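Novice: Here the structure of chain X is known, so what remains is to put chain U in place on it, guided by the hints.
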Amino acid sequence: MSVAVVEHASSPLGEEVAARLGELGIRAEPLTGWDAVGVVDAYVHLGPWEAPPRPGPLVELDDHAFGEAFERPVLELLWSLRAAYAHLRRPGGRVVVVVPTIGMAGAPGLAASAAAAEAQRLLVKSAARQWGAEGITMNVVAADLAALAPGAPGLPSVSLSAPALGSAAVTDRAAVARVVAMLLEDGAAALTGVTVSADGGTWMAP
Amino acid sequence: MTALAGRTAIVTGAGQGVGEGIARALAAAGANVVVATRRAETGEPVAAAIRDAGGLACFVETDVTVGGSVEAAVSEAVGRFGALEIVVHNAYKPARAHRLDDADDEVWAPNARTAVWGAFYCARAAYPHLRAAGLRGRLILVSSPAGVEGSATRPVYSAVKGAQRALAKSLAKEWGGDGITVNCIAPVAESPALTEAFAGDPDLRDAVAARTALRRIGQPERDIGPVAVFLAGDGASFVTGQTIVCDGGSFMAL
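Protein chains in written order, with our numbering: chain X, 1 to 206; chain U, 1 to 254.
Rather than coming from a laboratory, the hints here were simulated on the basis of the structure. Hints are not guaranteed to be accurate.
A short list of chain X residues far from chain U (calculated; beta carbon distances all over 10 Å) [stated by the list, open to error]:
no. : residue
1   : E50
2   : L78
3   : R90
4   : A175
Quick partial rundown of chain X residues pointing at chain U, CB under 10 Å, derived from the structure [what the hints assert, rightly or not]:
no. : residue
5   : G67
6   : Y85
7   : I102
8   : A112
9   : Q120
Over 10 Å on every C-beta distance to chain X, these chain U residues come out as not near it, computed from the model [claimed, not checked]:
no. : residue
10  : C58
11  : R96
12  : L135
13  : A159
14  : K161
15  : G162
16  : R165
17  : K169
18  : K173
19  : P192
20  : V208
21  : R215
22  : A236
23  : S237
Predicted, not measured: the structure shown is a model, and the values here were computed from it. For every residue, glycine included, the Cβ atom is placed at its ideal position computed from N, Cα and C.
Isolated chain U (complex conformation):
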């Protein structure tokens, strides 16, 4: 599949879980992929695996909570591959379960800094290049169904994921004149955070799966990656400001 051949994508948080699945899927579709993660020990193997599979990829150490770090990643992507058409902001630092009445800055800061400030930094750094890409320009934010329906266990997480959706809608309107599309994916898929949650509650995996129409939890590369490929490709050039919920049919509000 070469739907994205010659295009360059940055995927933040691509060292594992959903981000890794998206990075692998974009690469399989022909995109040059910058695996933008904080830690080389997770990012390098993903980039290497993509190269081993015949793709083009590199790892760039990136902390999405630092504007300068995101700017450096964007510069590296453009310097190495010549342009930047696609940015997928997936990085997120999982926060512990909490009650809203106990939420403090230790809960707020990592949620907000990675999800919302990270999205802001990605948008600000990438915009000149996405604008230059014109109708191929894409910003994709990885949100969550919790950003639509709230969360009984992680109120702050749901708030920042909702904020991402509003950012996407607003930027879709701001950037639409340039031909850039901005969308969200709201997945429920295997990830380190979910694995950790399952480890703490042996019945949770089955309970989550049972709530979905498809009776299973998503696999990042197989179930979420193709949605990112679609949003990044020409077939989605008229789709913007939307949230695609990829959760196996658990949440069906719209």
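The shape of chain X in the complex, shown without the other chains:
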């Protein structure tokens, strides 16, 4: 693997991902449009979670706010995956999508964003089932919202237990980036449709 296209590369996590990929000898190319892109080894989608969603009761959202919180992130990923599909190396192309764990756990005050995160995760699972025949693998890294969005609202813990690796590990952006990079390494070739939680050992279901 030599080239990975990274969407939302200028986000804090994007910079970490580029650094980790560099250590593996993989050049991270910020996505500026697909027209000039040839065959790529991997596509990494990080967004749009770097902008913290605004918390509030779901029933107080108007249609515009719900659309922005739910529909925009999902459609961004859907259209991006569609565009990336034509460029991914076959066999061996990799896709990694980073989502916040709020989609798996639910989040009071962020219901629409949680729905978006889970819809993104299901798009990846389904595409993994469809594109696997072409040798393309697709996986998800789930991280704490605070690791993706500096300034994100505090949320109740999604677990009865404290984070297994300590509270500092929950928002360890570099650790999230290392998991993204790990999924692009040769050893991950047999993984597809998988969600890896990189949240310091908070969310452990099922």
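Specialist: This is chain U only, laid out in the frame that chain X set:
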């Protein structure tokens, strides 16, 4: 059975399939049922059949993709029966099979508008009444096993069904202080969409049935309706944020 006697339920998409089965089961359990569908030709007969069986039901023309239409249905339910304790959002417009790399707005829009926007509109319109119902308040979203494990034939469908599950978990947390529970049912049962799929592939019915532990496909009223009755009743007052998979034992991930 009168477990739900005196309570009022709205069931969207109750004109056929799973929604009809749930509406009939809720009515048989004593609930007043509002059959909320887009088309009178499917909704009216279901409401009439419930009344013929001794239940209380009415049809209210409802388009779940339009917020005002859902608000009107909720107002009609409260105006007619005096309160609203239970909302079951089942309406869904089946989308054609598709590949993710071919999915376009024609695929996305009907999926998202009925499943997710519809759930949002139901939640927003019903919340004041569910809150007033306190410990009897219920929101039930009809999701799918595809919303858990993905789908090789309908990626967008799986995405919106997953989104419903996240909405349910989030609302369960938001509304728990009011005593309202929010859950999902993920059925595999006879429905017009499944019938259509079977028509296009004569071997599919047996193949689907063979994948289940119980070797059969669910019947809406007999197999799915009672699960909705349970979630709507007092016995499930401590169950919230969950997805009950009712597929005869096909998917056993949790």
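Novice: Which constraints among the numbered hints does this structure fail? Numbers only, ascending.
Specialist: Hints 2, 13, 14, 15, 16, 17 and 18 not satisfied by this model.
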